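Go ahead and model the full structure; you've got the sequences and the hints to work with.
Order-wise, the sequence lines are chains A and B.
Mind the numbering: the first sequence is residues 1 to 232 in the UniProt record's numbering, read in order.
Mind the numbering: the second sequence is residues 1 to 232 in the UniProt record's numbering, read in order.
Derived by calculation from the structure, the hints in this document are not laboratory data.
Misleading hints may appear alongside valid ones.
Claimed, not checked - Pair by pair, the computed Cβ-Cβ distance ranges are:
1) A/106 with B/134: 18 to 26 Å
2) B/80 with A/217: 30 to 38 Å
3) A/171 with B/3: 37 to 45 Å
4) B/3 with A/111: 45 to 53 Å
5) B/81 with A/6: 34 to 42 Å
6) A/111 with B/47: 44 to 52 Å
7) B/137 with A/23: 45 to 53 Å
Unchecked claim - Rough simulated footprint, nothing fancy, chain A against chain B, three-plus residues with beta-carbon under 8 Å:
8) 79-91
9) 112-126
10) 141-149
Bear in mind the structure is a predicted one, so any value in this text is a computation, not a measurement.
Beta carbons: idealized from backbone N, C-alpha and C, even for Gly.
2 protein chains.
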Amino acid sequence: MHPWAEWNHVVKLDPDKTLVDGESFEAVASSGTDAIAIGGTTGMTEEKMARVVEACGRYDVPVYIEPSHLGAVYHSEAHDGYLVPVVFNAGDPTWITGAHKEWARLDGEIDWSRTYPEAYVVLNEDSSVAEYTQANCNLDPDEVAAYATVAERMFAQPILYVEYSGTLGDPAVVEAAADAVESASVFYGGGIHDYDSAHTMAAYADVVVVGDLVHDEGVEALRETVRGANEA
Amino acid sequence: MHPWAEWNHVVKLDPDKTLVDGESFEAVASSGTDAIAIGGTTGMTEEKMARVVEACGRYDVPVYIEPSHLGAVYHSEAHDGYLVPVVFNAGDPTWITGAHKEWARLDGEIDWSRTYPEAYVVLNEDSSVAEYTQANCNLDPDEVAAYATVAERMFAQPILYVEYSGTLGDPAVVEAAADAVESASVFYGGGIHDYDSAHTMAAYADVVVVGDLVHDEGVEALRETVRGANEA
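Shown next, in the form of structure tokens:
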């Protein structure tokens with residue numbers, strides 16, 4: 001069984017951003033979320049990554065690094081492994097196979113038994129991740145479903161990640177992705193900001209990922225999204 | 001067990017090319033090769049594909065279609081399935097995930113139980129496949145090995161295909177790829193033209209693929225490569 005089999009909700013922390021004044025990593029870890037993923041697209045260094053990993057690793061909740069590039073890789077006993085994005089609709093193959101090849105070549109310490117790929121489909125053309133990966137975001141639900149099928153059938157991807165980073169996406173797209181996969185888990189990320197948005201996306205996605213909210217609004221708002229995800 | 005588990009040698013027929021005068025598909029099928037793969041990079045149509053598939057499908061040897069694009073897909077009882085190239089070092093993501101997404105979207109008849117991906121690393125920069133896919137062919141053996149590791153570990157690819165299309169490659173690169181994989185089978189293609197070239201590459205590759213030779217020199221030359229592959 002994969003570590004995320006029982007997850008409904010994940011917090012994604014960006015080491016380049018701060019928590020809300022007066023709040024702690026302990027409060028985030030005890031928000032009711034099922035896991036903490038640590039990653040970000042820009043401004044990442046191993047030092048920033050290490051600080052957040054070590055802080056979060058003290059609590060009971062599983063901690064995963066989501067490396068965007070080699071500078072975001074940080075080996076430590078304080079985390080449970082890596083969730084590695086593969087952007088299936090990237091325009092630049094660096095984000096499908098290229099960066100991964102460089103990681104395999106330059107890092108002699110990869111523990112593959114706790115390294116899991118995530119098949120991303122990036123859908124908000126205004127997001128930094130879309131710009132960075134030159135993603136083709138102009139996709140109909142059936143095209144997203146086809147990427148999901150290919151990710152599962154031809155590339156044995158255990159996670160299909162519908163990513164609307166920065167904006168709440170179209171539930172019909174998440175539904176199409178969920179209908180297309182058989183055993184892969186569907187993660188949804190983007191614009192989750194309250195009970196309702198979490199509840200809506202969790203109707204189709206196995207796991208709802210909440211990112212900016214924790215940095216912008218804080219743990220009380222986060223708890224509402226946990227409740228929305230769990231009650232879907 | 002995968003169909004190719006016991007294969008040493010594959011003939012690749014290009015439906016856009018002819019056999020040597022006076023030779024037949026029956027002679028190719030009874031050359032001692034373990035399988036016939038049918039595919040080509042340019043000039044492919046479903047009609048050309050159908051003609052060669054139906055001709056080869058009458059004999060005992062397994063027949064697989066290797067579709068380069070949707071026009072090369074041909075559903076029939078005369079073949080055993082599809083070996084689908086995924087070009088891990090392509091510069092254009094169409095050849096990693098894009099064409100595959102279109103196939104999954106537009107073809108309602110895909111039988112995934114007999115559809116297998118092949119993780120290609122394309123290494124002859126002068127070949128049409130390199131030009132077509134905008135492959136980055138300037139790779140050291142350790143980079144090819146890293147692609148092999150990623151193909152197996154992150155994408156569960158059952159075949160790692162070292163492709164020197166049109167020229168005999170560097171055995172050290174094939175060895176590096178073979179050393180990098182654990183359970184994936186290594187296919188080698190490019191420039192196999194006699195006993196020695198087949199024997200050399202089969203020392204490292206599980207399967208040696210012979211293409212142009214059968215169109216240019218004929219079945220007698222082909223038999224020599226079968227012998228070279230089997231005696232390695």
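**Index of numbered hints that the structure contradicts, given in increasing order** = Numbers 2 and 4, in rising order.
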